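These protein sequence lines map, in sequence, to chains A and B. Using this note's numbering, read the first sequence as starting at 1 and increasing by one per residue. Using this note's numbering, read the second sequence as starting at 1 and increasing by one per residue.
The set of hints was computed from the structure by calculation and includes no laboratory data. Worth double-checking, as some hints may not be accurate.
[Unchecked claim] Label-pair distances were calculated between CB atoms; the ranges are:
#1 A:3 / B:26: 45 to 53 Å
#2 B:42 / A:111: 33 to 41 Å
#3 A:30 / B:340: 45 to 53 Å
#4 B:250 / A:45: 31 to 39 Å
#5 B:26 / A:50: 33 to 41 Å
#6 A:96 / B:227: 48 to 56 Å
#7 B:42 / A:58: 33 to 41 Å
Predicted model only: the values in this text are computed from it and were never measured. For every residue, glycine included, the Cβ atom is placed at its ideal position computed from N, Cα and C.
The chain contents come next:
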Amino acid sequence: MPDKMMLIGGRSNKQGTSLCAGKLGAEYVQLSSTVEMNVNDMARLGLKNDSKVRLRSAGGEVVVRCKGREAKDLPPGLLFIAYGPLSSELMASDTAGSGMPISKNVEVEVEPVAEAAAS
Amino acid sequence: MGENLKIVTDATCTFCGCVCDDMVLTVDLDHNRIIKSENACILGKAWFKEHAIEERPFAIVKGREASTEEGVEEAAQILANARFPVIYGLSDTTCEAQRVAVAIGDMIGGTVDTTTSVCHGPSGIAFQGVGESTASLGEIKNRADMVVFWGGNPAEAHPRLFTRYAVTPKGMYIPNGKKDRTVVLVDVRRTLSTPVADIFLQVKPRSDFEVLWALRALVKGRKVDTSVEQRTGISLAVLEDLVARMKSCNYGALLFGMGLTMNRGRHFNSGALLALATDLNEFTHWVAKPVRGHGNVTGADNVVSWQTGFPFGVNFSRGYPRFNPGEFTTVDLLSRGDVDAALIIASDPASNFPKAAIEHLKRIPVINLDPKLTHTGQLARVAFTTSTYGINVAGTVYRMDDVPITLRPAFDSPYPSDEQILTAIRNRVRQLLGGNRPGAGTPLATTVS
């Protein structure tokens with residue numbers, strides 16, 4: 001049974017600097033396909049830094065790499081990902097009549113992915 | 001490094017909404033690139049370093065390299081023949097280019113929307129309902145002895161907001177800089193911004209509205225139950241202490257980010273914060289400003305507002321402007337499959353939008369203007385390479401506090417500006433349509449039964 005967590009998309013220094021170099025560049029692609037996760041959540045799920053994990057929301061699903069964050073910085077059950085094509089994949093298109101799709105605090109199912117089975 | 005160097009003083013960085021205009025740039029004119037950017041933050045340094053002249057085609061039309069003129073002809077044909085086109089983006093270009101884009105939207109009876117709709121659009125909606133107690137960043141620097149950052153991470157997204165305006169700088173009535181200020185940060189997680197704060201409120205996800213409403217109640221002297229802590233993660237004692245400080249400061253500023261607008265509640269969250277600022281003005285002076293992302297997204301709001309009366313999501317299909325977020329905003333137009341052509345200026349919705357919207361972009365003719373190749377450029381039927389505003393292009397941009405700033409470009413680019421391309425497209429569309437689209441502005445036929 002996949003874990004349910006809350007995903008926040010946002011900016012970071014490196015996301016900003018690699019954005020200037022180009023969105024199709026290797027650094028931006030790598031940064032925007034890495035999700036930050038509480039280290040205790042990672043341990044519970046048997047994940048290590050750079051492990052692959054599948055995130056599934058009402059909007060879509062993606063496979064990304066993990067990066068651990070200390071519990072004091074990122075509470076349990078909360079995930080952070082730098083804005084990019086993969087964070088967009090998880091946004092649902094419904095804007096509730098506002099024009100704004102929700103990209104912060106998106107409910108996602110989190111599931112470890114065996115390297116050989118990763119897509 | 002070449003031998004032919006040029007120093008540009010008081011240049012402007014257009015990476016983010018701070019629009020810092022104290023840059024000192026060293027330009028290598030032999031290689032058309034900026035080799036040093038004094039006063040720039042980490043993001044500004046990358047912005048200037050990475051915008052050298054790249055060897056790219058002037059335009060790509062249907063996958064083939066083409067001239068700018070060929071691109072203009074194809075773009076004009078697409079727009080003149082579209083029945084329900086959208087013009088989108090505009091937050092990373094000059095006000096002069098934005099003005100031409102609105103004129104095209106008016107002429108073709110299309111929709112003009114900007115990246116505001118997926119940024120602080122909800123705050124724009126809230127302004128209309130609640131109002132905005134506003135200030136310039138200079139006023140905040142000189143007067144604010146209490147600053148609350150809500151739902152943002154300026155240290156990483158707007159680094160100089162702290163050092164130039166709102167935390168460390170000394171001001172007229174803040175002679176000791178940070179020592180004279182109480183800095184509060186509200187967020188769901190610790191970030192690089194957190195150490196700056198004297199008070200950090202780590203709220204539970206999706207509870208910003210509840211925290212704001214509890215603060216409003218306390219400001220008004222109402223009773224708040226201790227169960228607020230269970231819901232929000234913040235104890236009643238902490239909220240009471242915060243309210244006491246807010247009511248007794250000399251000048252407070254609420255600077256809020258997309259932690260409020262991109263979250264459940266959207267414009268209700270922004271509206272609650274704006275209403276808190278209004279409530280606090282019963283006791284002392286408080287202002288509230290959205291912290292804006294792109295270099296001229298504030299200019300986009302201003303230009304579209306002064307041209308149409310509305311800030312974003314404006315439709316001209318009846319010959320006069322109509323504003324309706326959810327109907328005329330680009331994510332909705334694309335996700336529903338409403339539009340049959342898109343003119344995208346200095347923006348990358350093919351990367352930033354939900355999947356359903358991107359799928360529709362793949363089905364319709366897209367015209368894209370951008371200095372760099374992006375996901376949108378890759379799927380566009382017409383993709384123009386443009387020069388970069390602020391680095392190659394002069395003009396006007398608006399800082400996040402609605403203050404207009406003049407750009408001082410560093411070096412010339414062989415590529416045309418957004419304004420030049422849009423003007424050429426506008427002129428050609430006007431030729432093709434013979435003025436505004438026939439029917440636009442004509443009163444709807446009345447059926448008499």
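- Unsatisfied constraints (hint numbers, rising): 3, 4 and 6
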